[in-house]
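Undergrad: If you're matching them up, the sequences are chains A and B in order. For what it's worth, my numbering labels the leading residue of the first sequence as 1, then goes sequentially. For what it's worth, my numbering labels the leading residue of the second sequence as 1, then goes sequentially.
Quick caveat, the hints were computed from the structure, so don't treat them as lab data. Errors might be hidden in some of the hints.
As the list claims (entries may be wrong) - Distance condition first, Cα-Cα at most 16 angstroms in a straight line; then the derived EDC-like pairs of lysine to aspartate or glutamate:
# : chain 1 : residue 1 : chain 2 : residue 2
1 : B       : Lys469    : A       : Asp254
2 : A       : Lys235    : B       : Glu502
3 : A       : Lys303    : A       : Asp468
4 : A       : Lys303    : B       : Glu471
5 : A       : Lys235    : B       : Glu500
6 : A       : Lys303    : B       : Glu90
7 : A       : Lys137    : B       : Asp251
As the list claims (entries may be wrong) - Computed, partial: chain A to chain B, Cβ under 7 angstroms:
#  : residue
8  : Ala98
9  : Thr112
10 : Glu120
11 : Gly152
12 : Glu239
13 : Gly243
14 : Phe287
15 : Val288
16 : Val304
17 : Ala315
18 : Tyr427
19 : Thr430
Only a predicted model underlies this, so the values are computations on that prediction, with no experimental measurement involved. All C-beta atoms in this analysis are idealised placements derived from N, C-alpha and C, irrespective of residue type, glycine included.
Each chain, written out:
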Amino acid sequence: MTSSSETASRLDTDVETSYRIDVSKMDSRVLWRITRMAFRHRARMTIAIAATVCAASFQLLIPQYLGQAVDEARGLLTRAAGGMADATAAQEALLATALLLLGAAVARGLFTMLQNYQGEAVGQLIGYQLRLDLYRKLQQLSLAWHDRVHTGDLMTRGIIDIEGVRLWVDTGILRMVLLTILIGGGAVVLLRNDLVLGLVALSFVPVVGIRASFARLKLRDTWIALQDQMSLLTKVMEENLGGIRVVRAFAAQDHELRRYDRVADEALRTASRRVRLFVLSTTQMTFVYFLAMGATLWIGGAKVVAGDITLGQLAEALAFMLILQMPVRQIGWMINSIARASTCGGRLFNVIDLQPSIADAPGAKPLRVTQGRVRFSNVDFRYPAQARDDRTLTGIDFEVGPGKMLGIVGPPGSGKTTIAHLLGRYYDVTAGSITIDGQDIREVTVDSLRSAVSIVQQEPFLFTASLDHNIAYGNPWAERRTIERSAGIAQLHNYIRSLPEDYRTLVGERGVSLSGGQRQRLSIARAILPESRILVFDDSTAAVDAATESQIRAALGEIARDRAVIVIAHRLTSLMQADEILFLERGRVVERGSHADLMAAGGRYRELYELQTRSSDVEVSA
Amino acid sequence: MKVRTGSPAMQKRPPLAVVGSQVSQDEELFGRVFDKWVMRRFAAHLAPYRLRIAASVAAVLLFTLTQLAIPLIVRQVIDGALADGAGDTEVLNLFVGIFVAVVTVNYLANHFMETIVGRTAQNLLFDLRRAMYAHLQVVSLSFMDRTEVGRLMSRLQGDVYALQEFLESSIFAIGDLVLLIGIVVVLLSLDPTLGALTLSVVPLLFLVRIVWLPRARKAFMAAREASSAVNGALAEGVQGVRAIQELRREDVNFTLFAEKASQNLRAHLRASKFTNMMIPIVDTLNGSAMAVVIVVGGSMVLGEALDIGVMVAFLFYVQRFFDPIRSLTMQYSIMQRAMAAGQRIFEVMDVEIDVKDKPGAEDPAEIDGSIEFRNVAFGYEPGNPVLRDISFRVEPGETLALVGPTGSGKTSITALAHRFYDIWEGQVLVGGRDVRDMTQASLGRHISLVLQEPFLFSGTIAENIRYAKIEATHEDVVAAAKAVGAHDFIMRLPDGYETELEQRGSNLSLGQRQLISFARALVADSRILILDEATANVDSYTELEIQRALARLLEGRTAVVIAHRLATIRGADRILVLQQGRIVERGNHDELMRAGGLYARLYRMNYASFDDMPEAEVAPSKAEASLPT
């Protein structure tokens, strides 16, 4: 996106500050940016604007023909009274005017259609583009960012905000052109007819313009406030409904309703304030318009009486005012649209302009996996939100080669999972380096790195789709055979075959529900399918029973022969046979060695081992 | 937009890949134009605003009348003061004075009406949403189980907005209707012939719209469906971002998403064509009406059959009367949408509350803590029982472990103790009282619940711990946290107890969330505890901590535990082994081991958990279980 250069690019690690919108500053820049996006569709915009100009011009002709018709009719009347009527000629003149007027009306209709259609088309194209940009960006932004942003908030941006921006072309740009021509053109015609009358008829325009600008700022503020409050309300409701069992169990309905009311009342107050502001500005504008009409009638009437202008000219002036009535009201809508577009656009660009903190370095090359040797050298890590002196990992150092297995164990919060995240480069190390076959992972492309490293997740996300699609998520070209083989290794094949629709069975939100163990097995099948050279199991068999786990382990043995495997687990049976085991505590390796070494050392590992074996020991009753 | 290029294969559309739900979500978009039932229900909610509505209808009428009067005044000015050169300044001044008075009334009426309508609409929407929400707080859990949160949210938000549109526009529709009738009346009374001729275009317009509407609506619905598909795909992209990044589906998904987005684009462009094709038709008819006025009216003026002022007034009216027709036909769709939305909203409000407090239900301050099931049968759908003939008793202070494969009915038993559902047969007693004779609030107070997947609310940690007892002091909160061993990690968080939980506690580990939910139950301090033990996902240290916390939590309380851990099961005073909704074995660990039944068999296989057992292990006894008793 070329336009992102003007807003300083922010890294997505800096979530707190990027989240809010600066209401006072962004306004015109956002609008300008959307406008530029619109003009990228040059042909359509040209047609739309040309059509707008034509539609407005034809509309301006209508009152003139009306005035002409009045004068013709009246002239005929006078002449008829004088007894020199040529009825046929008079009829013909009227007919000609009527046809001209009909022509103008038809032309106006056609051009308005063209203007609206092209305007909406450009709006939709912008919406399409923004939707793609947003989607792509959301897929790229680091997990650190996603961790901190509410899903509902992102959905608001994707749905409501895109809509707000899209409408800007139609209700903003084109309408502005239309209003300018109608009011400007109308002004020229009116003033040329009679300067004083013209001035009187147009007197409402500046008053309305000024009133409109004031209302604009206030409306914008209330719009933002309302959006915020509504998304808070959504959150409250979503949480309540999601946690309804807890709410019921603790008989907390009253408490929950109070919580809801607090937010809802405030939203209602804001909504009412918005209505008041909006109504005040639109009705006052209309009133001023009508007052100007009264003045026109009065002064124009006096002029007709004095013989300065014809009745037709007065009728024309009034007809002009009549066709300007709608546009005057539309100034109010346009203000709303400006407020909406700049708010929504601001919120959208805020996300779209973020620079993913994890991105390919300039000139990054694809990772060349020769052996699949992973090396952590003195790695330190701190999450973006952590205090400067706080570390999640300190001085992590290890190597694991093809055909080897590294086990990582430790209490919760000791940083085990973080190691998996660092290896897949979901976060960048704070100090030290991670290499694969000697290549620093920050210097290779993210795509190639993640192809080489498969992480088996603890809690797999189930996509609402069939089982085969879920398993082949990492390689949608996979053949049925490969899918079945992966499911077989994960000990899921037989279960799937027992389902009514086999591999086509739908899972996820509306599909069959899988137990925790089945989901983990699915996660395993999914991760081994792409045949990456490095496999990381992140506590991914915890919900699988011990017998099934040992079957999985046996089946994995074959494919693990030429792969580097890292197993993170808390159940020691899952990693006892590892070539090396790291015992992590508060981000540091406190013990390392094989199972036998560690048992012999008699430290924390052994303690844990005893803890776990005792808990399944029949003799020791709890 | 430069699309990042992946491997060459990525350019193709993979056969298996999809984004977004493949299940069509469409709910009926348009209802009948006028649904008596919906309107009646609606009227009930409008009742509190009766006065305001009456006032705004009056204001609308006033507003419309003044609108109608304006061309007539202009006509009087022309015919009375300006025509025939007979300049009469006094008449002019008089009518301009009247004009100013009329527009002032018009302004006031307009302002009053828009303010009242706008506010009442907002109030009503909030009322409806709250009524729905409040109802959802008491409807039976079986309804909540069946219904996705997203679906409810779309009713609470989307459908309510559809009504807002209806409410705000309906009052103007009344105005439009009056205006239309008014114009017809005025035109016909000013000059019947010319009036009839001019109005002859109106039926044409109605005809055109009747032909147009069904086609246009199809296009509109397609556009809406495309929108919901593309938004669903976006939602999936956000929720599944971790899996997507890990499995490098960004490029494929982007391609698929772009496909959906362009389908959406096409559908909207088509809908837009339909919207806009009406414009030239209306303008042509409008132009024709004016041409009729000029040719016919002009000739009549010529023959002195018509005042010139009347002709001007006609021209003014003709320009105005297409607006109400347009908005009235638009109102037709809005009403259909609103009826469908209303139906969905009232459907939610009508979901029966099958679990209700009996009149005079007891609210005992103290109970003894016993739980007893007597021959309980229960199911979620008629004809499909999930529990059959369940009888057991837990004495105060005892721990009962429920064991059995997934779907054997353990969770249902715990839910019945809470009276989340009403049973089909038998009796459930808590503290010696039938649960149906107690208030639900008192059950909530005496029974605490700890879920397998701890559900925390946004807010601070302290707020979450005191969730069940808002009046708990900070000391109570800290004491509870200390008792379950959560205090230390809480103090390590940046703001201690005042730390805000992100997205329901995603900044805490599962074990930590579990401990907080324990603390929450401890603060609630109920006699009875129902606990769905967390399955494996915590490590041994946390487990040890949890076991310790659990011991503390169980102290002096009656507990029903859906047990997965052998340690917990062995420690229980009594174990019920469930299979297919029946109790197949009961006793303590030693007794069951001696009996050598299903329990003993499972136990000897040394499964870490009783839930994820291979089907084969459970299967042999299936035949027995399904035998009629």
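Undergrad: Now tell me if each hint is right for this structure.
TA: Hint by hint, here is what the structure shows:
Of the pairs offered as hints, the one joining B:Lys469 and A:Asp254 holds, with about 12 angstroms between alpha carbons and a cut-off of 16 angstroms not exceeded. A threshold of 16 angstroms between alpha carbons decides the hint, and for A:Lys235 with B:Glu502 the separation of about 12 angstroms falls inside it, so the pair holds. Taken as a hint, the A:Lys303 and A:Asp468 pair is broken in the structure, with Cα atoms around 84 angstroms apart against an allowance of 16 angstroms. Proposed proximity of A:Lys303 and B:Glu471 is contradicted: the alpha carbons are some 79 angstroms apart, above 16 angstroms.
With a CA separation close to 15 angstroms, the supplied pair A:Lys235 and B:Glu500 stays within the 16 angstroms bound. Between A:Lys303 and B:Glu90 the alpha-carbon distance is near 14 angstroms, which keeps this suggested pair within the 16 angstroms criterion. Restraint check: the Cα-Cα separation between A:Lys137 and B:Asp251 comes to about 12 angstroms, which is no more than 16 angstroms; the hinted pair holds. Contact between A:Ala98 and chain B, as hinted, is supported at the beta carbon level, the nearest pair being about 4 angstroms apart and thus within 7 angstroms.
A least Cβ separation of about 5 angstroms between A:Thr112 and chain B falls short of the 7 angstroms threshold, and the interface hint therefore holds. Because the closest C-beta pair between A:Glu120 and chain B is about 4 angstroms apart, less than 7 angstroms, the hint holds. Hint on A:Gly152 is violated. Least Cβ distance to chain B is approximately 9 angstroms, over the 7 angstroms limit. Here the hint on A:Glu239 is kept, as its CB sits about 6 angstroms from the closest CB of chain B, short of 7 angstroms.
Contact between A:Gly243 and chain B, as hinted, is supported at the beta carbon level, the nearest pair being about 4 angstroms apart and thus within 7 angstroms. Residue-level restraint check for A:Phe287 holds (minimum Cβ-Cβ distance to chain B is 4 angstroms; threshold 7 angstroms). For the restraint placing A:Val288 at the interface with chain B, the shortest Cβ-Cβ distance is roughly 9 angstroms, beyond the 7 angstroms limit, so the hint is violated. At its closest, the beta carbon of A:Val304 sits 5 angstroms from a beta carbon of chain B; the interface hint therefore holds under the 7 angstroms criterion.
Among the interface hints, the one on A:Ala315 holds; its C-beta lies about 5 angstroms from the nearest C-beta in chain B, closer than the 7 angstroms criterion. With a cut of 7 angstroms, the hint placing A:Tyr427 at the interface with chain B is violated, because the nearest CB-to-CB distance is about 12 angstroms. Because the beta carbon of A:Thr430 sits about 18 angstroms from the nearest beta carbon in chain B, more than 7 angstroms, this interface hint is broken.
Checked against the numbered hints above, the structure breaks hints 3, 4, 11, 15, 18, 19 and satisfies the rest.
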